[in-house]
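Undergrad: This is what each chain is made of:
Protein chains: 2
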Amino acid sequence: MLGRLPGHQRDAALAEMADALERRSAEILRDNALDVEAAKRARTAPALIDRLLLDEDRVRDMAVGIRAVAALPDPVGEVDGGRTLPNGLQIVRRRVPLGVVAVIYEGRPNVTADATALCLKSGNAVVLRGSRLATRSNLIIAEVLTGALLEAGVPRWSVALLGADREEMRRLVQMEGALDLVIPRGGEELKSFLKEHARVPVIYAASGNNHVYVDAGADPEMAVKVVVNAKVQRPGVCNAAETLLVHRDAAPGILPAVVERLTASGVELRVDRAGLDILGEQAEGLAEVTDHDYATEFLDLIMAVRVVDSLPQALEHIARYGSGHSEAIVTSSLASSREFQAGVDAAVVYVNASTRFTDGGEFGMGAEIGISTQKLHARGPIGLSELTTYTYHVTGDGHLR
Amino acid sequence: MLGRLPGHQRDAALAEMADALERRSAEILRDNALDVEAAKRARTAPALIDRLLLDEDRVRDMAVGIRAVAALPDPVGEVDGGRTLPNGLQIVRRRVPLGVVAVIYEGRPNVTADATALCLKSGNAVVLRGSRLATRSNLIIAEVLTGALLEAGVPRWSVALLGADREEMRRLVQMEGALDLVIPRGGEELKSFLKEHARVPVIYAASGNNHVYVDAGADPEMAVKVVVNAKVQRPGVCNAAETLLVHRDAAPGILPAVVERLTASGVELRVDRAGLDILGEQAEGLAEVTDHDYATEFLDLIMAVRVVDSLPQALEHIARYGSGHSEAIVTSSLASSREFQAGVDAAVVYVNASTRFTDGGEFGMGAEIGISTQKLHARGPIGLSELTTYTYHVTGDGHLR
Numbered sequence: 133m134l135g136r137l138p139g140h141q142r143d144a145a146l147a148e149m150a151d152a153l154e155r156r157s158a159e160i161l162r163d164n165a166l167d168v169e170a171a172k173r174a175r176t177a178p179a180l181i182d183r184l185l186l187d188e189d190r191v192r193d194m195a196v197g198i199r200a201v202a203a204l205p206d207p208v209g210e211v212d213g214g215r216t217l218p219n220g221l222q223i224v225r226r227r228v229p230l231g232v233v234a235v236i237y238e239g240r241p242n243v244t245a246d247a248t249a250l251c252l253k254s255g256n257a258v259v260l261r262g263s264r265l266a267t268r269s270n271l272i273i274a275e276v277l278t279g280a281l282l283e284a285g286v287p288r289w290s291v292a293l294l295g296a297d298r299e300e301m302r303r304l305v306q307m308e309g310a311l312d313l314v315i316p317r318g319g320e321e322l323k324s325f326l327k328e329h330a331r332v333p334v335i336y337a338a339s340g341n342n343h344v345y346v347d348a349g350a351d352p353e354m355a356v357k358v359v360v361n362a363k364v365q366r367p368g369v370c371n372a373a374e375t376l377l378v379h380r381d382a383a384p385g386i387l388p389a390v391v392e393r394l395t396a397s398g399v400e401l402r403v404d405r406a407g408l409d410i411l412g413e414q415a416e417g418l419a420e421v422t423d424h425d426y427a428t429e430f431l432d433l434i435m436a437v438r439v440v441d442s443l444p445q446a447l448e449h450i451a452r453y454g455s456g457h458s459e460a461i462v463t464s465s466l467a468s469s470r471e472f473q474a475g476v477d478a479a480v481v482y483v484n485a486s487t488r489f490t491d492g493g494e495f496g497m498g499a500e501i502g503i504s505t506q507k508l509h510a511r512g513p514i515g516l517s518e519l520t521t522y523t524y525h526v527t528g529d530g531h532l533r
Numbered sequence: 133m134l135g136r137l138p139g140h141q142r143d144a145a146l147a148e149m150a151d152a153l154e155r156r157s158a159e160i161l162r163d164n165a166l167d168v169e170a171a172k173r174a175r176t177a178p179a180l181i182d183r184l185l186l187d188e189d190r191v192r193d194m195a196v197g198i199r200a201v202a203a204l205p206d207p208v209g210e211v212d213g214g215r216t217l218p219n220g221l222q223i224v225r226r227r228v229p230l231g232v233v234a235v236i237y238e239g240r241p242n243v244t245a246d247a248t249a250l251c252l253k254s255g256n257a258v259v260l261r262g263s264r265l266a267t268r269s270n271l272i273i274a275e276v277l278t279g280a281l282l283e284a285g286v287p288r289w290s291v292a293l294l295g296a297d298r299e300e301m302r303r304l305v306q307m308e309g310a311l312d313l314v315i316p317r318g319g320e321e322l323k324s325f326l327k328e329h330a331r332v333p334v335i336y337a338a339s340g341n342n343h344v345y346v347d348a349g350a351d352p353e354m355a356v357k358v359v360v361n362a363k364v365q366r367p368g369v370c371n372a373a374e375t376l377l378v379h380r381d382a383a384p385g386i387l388p389a390v391v392e393r394l395t396a397s398g399v400e401l402r403v404d405r406a407g408l409d410i411l412g413e414q415a416e417g418l419a420e421v422t423d424h425d426y427a428t429e430f431l432d433l434i435m436a437v438r439v440v441d442s443l444p445q446a447l448e449h450i451a452r453y454g455s456g457h458s459e460a461i462v463t464s465s466l467a468s469s470r471e472f473q474a475g476v477d478a479a480v481v482y483v484n485a486s487t488r489f490t491d492g493g494e495f496g497m498g499a500e501i502g503i504s505t506q507k508l509h510a511r512g513p514i515g516l517s518e519l520t521t522y523t524y525h526v527t528g529d530g531h532l533r
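If you're matching them up, the sequences are chains A and B in order.
When you line the first sequence up against our numbering, it's residues 133 to 533, in that order.
When you line the second sequence up against our numbering, it's residues 133 to 533, in that order.
Don't read these hints as lab results, they were simulated from the structure.
Note that the Cβ used here is the ideal one computed from N, Cα and C, for glycine as well.
Mixed in with the good hints there might be a few duds.
[As the list claims (entries may be wrong)] Taking lysine-lysine pairs in the DSBU-like style, the calculated list, with each CA pair at most 30 Å apart, reads:
| # | chain 1 | residue 1 | chain 2 | residue 2 |
| --- | --- | --- | --- | --- |
| 1 | B | Lys327 | A | Lys323 |
| 2 | B | Lys323 | A | Lys327 |
| 3 | A | Lys323 | B | Lys323 |
[Claimed, not checked] Okay, the calculated bits of chain A under chain B, using three or more residues with CB under 8 Å as the criterion:
| # | region |
| --- | --- |
| 4 | 222-233 |
| 5 | 478-487 |
| 6 | 523-531 |
Produce the entire structure from the sequences given, and follow the hints as far as they go.
TA: Have a look at this one:
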């Protein structure tokens, strides 16, 4: 078990890995260029090629990321509970590695390094299964990492890179007993595949159909800033907001300014009838929103807008369309903030803050391997602690029941 | 959401449920008698009929159990983490109910009451799916409980009892989005069914192929007592021990006494060659152990015995045959105790204590709905806290990223 290696040895291996990536940057870039060339020849979409492409900065970022993981506190062996029973039996609940974690991902070769670092730090062996697009890049990165592990005295089997074969992936996710967890970092197609085939536990990383609700009496300036930040700061990620809900009483004071700012930032708005009425002339050229829009995670500079009659109506809307990721209220009412946090069932519920903070780094948890919207085991950022389980160590002096 | 009912209201509903069970005991016994009669006519095994049978004491025990659950601290709303970030954003991690939990169980009608109490206390709605054998018993108990809930102002949909139809169960465990967790309390057949059909998360309650390892230099008297207690005190349950491993140096001083005590308690022993040699004449009539025995959870007065050369060999044996439930070492060496706890991957690892302590009640967690041998979400006793998830409540004053 990798988790039995002392923390300083796992950290030394991580340091070695980071150094080796920088030292062998030229080899990595050379093989990555072959992947990129092949992808271009195959007329792969430019966005995918951008994800695939490495340069010196991106390789250095991988190394920096690994060093940051090494610097985090060791999650293995942490005592997170326990008690001494009236009979004197001492119970200590100690965090231990899960065992073997598989990470299935798409075209970003840097995930090969990130996932390896997080799993190694948390004492888990890792099985990597990347995209066919990045075959050569992943191979060379895995080779560099494995070489570094061996240098540091960590067993070779701690990292395994699979080919991009679908049948092999099916076998992988059915390896009960040999594999403890699968973390997919991919789209809906991969999810359905796993729902159908996986017999090993899976933590589904999130889609985020997130809302910002602006309450009656909210500070208009704060409301506009939070909405714009949640939508515009990085629209292609799962913690961006997709729908704005505005209380009827707040709408006249807030909608015109929000629409102006969002439009100026290049956001396409889809607004409900009540909102269009409030906007008057400003509504010209704006589309009317549909139920389909409410249900869509745009991941783009598009935002749905709905005027609601009350906070409970906003809660209903979120319960119906939200994906349980990140939901925000802007309010100056303490009662509203309590009602919203109690009434929304999501990984993260914000009061007067942008949904964009849902992130392991922002949360002070260090690097993360994804955001979970499921309720079991890990909810929200999946950091080091979420890559462990616990065991009860119970000590007595001959205790009998 | 049931979890939004304040704790005192959920507790009042539990009190009402307990009272109603006692008040309507005669009705429950009448319908249970019909189930028992039908089971006898169908020539059901006596052990199953004993599980099915209720009497006044057993009904009273259900009520007592519900009151004990009501008296536990409320797991809903417990803050189990959080921090204030350098930017002033306040993060509070708060425990919230999972939502809807399904419990699938076999012939014991008392599970209908126990499972309902644990789910209600933890703010979850519960879907109950019992055995066909107990149809009438479960119906009347569910009716009594539901009546009590309504009295206490808790919505009727908080408890649903399904029929014992297999197709209905298949539909149930595929209700993604509507159902948050399935807890099976049944045998291997039910497990395979769920592995094949479930699309909703499942926590598999345990089988326990548990070991007691007696180290070189262990106190012989303590060793004998722990082994006998772990095997004999209640052999039919998952935390009983199935195999005794004895260090070669300890075997001559311990095996004869253990065999004598176990045989006197009616235990059938299956011993390896080395053990039989040590036992000499005492070995007469004892069977030689097989690999199949090592792999079997007897749940009966049968025990496998193996002499091992070393603690690492004991660890290897446990890694190969153990089910990750409860494992114990008897030792007087601090180094051995540390090596054993670090080297065994199980829900509970004991030093100088009987495996029989693996139990929510014994652990001071209150009632439990089962023991988990899986690593995700819940490991060991599944108590109230394990029936919740968490949400991050984040509060700022207009924080932007």
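Undergrad: Now tell me if each hint is right for this structure.
TA: Verification of the hints:
As the CA atoms of Lys327(B) and Lys323(A) are separated by approximately 17 Å, the hinted pair is consistent with the 30 Å bound. A distance of roughly 17 Å separates the Cα atoms of Lys323(B) and Lys327(A); the hinted pair therefore holds under the 30 Å criterion. Our distance criterion of 30 Å between C-alpha atoms is met by Lys323(A) and Lys323(B), whose separation comes to about 23 Å. Proximity of the region 222-233 of chain A to chain B, defined as three or more residues with a beta carbon under 8 Å from a beta carbon of that chain, is established by the 4 residues found.
Three residues within the 8 Å Cβ limit are the bar, and the region 478-487 of chain A against chain B gives 9, so the coverage statement holds. Only residues whose C-beta sits within less than 8 Å of a C-beta in chain B count toward coverage, and the region 523-531 of chain A has 9 of them, enough to reach three; the restraint holds.
The earlier numbered hints are all upheld by this structure, with none contradicted.
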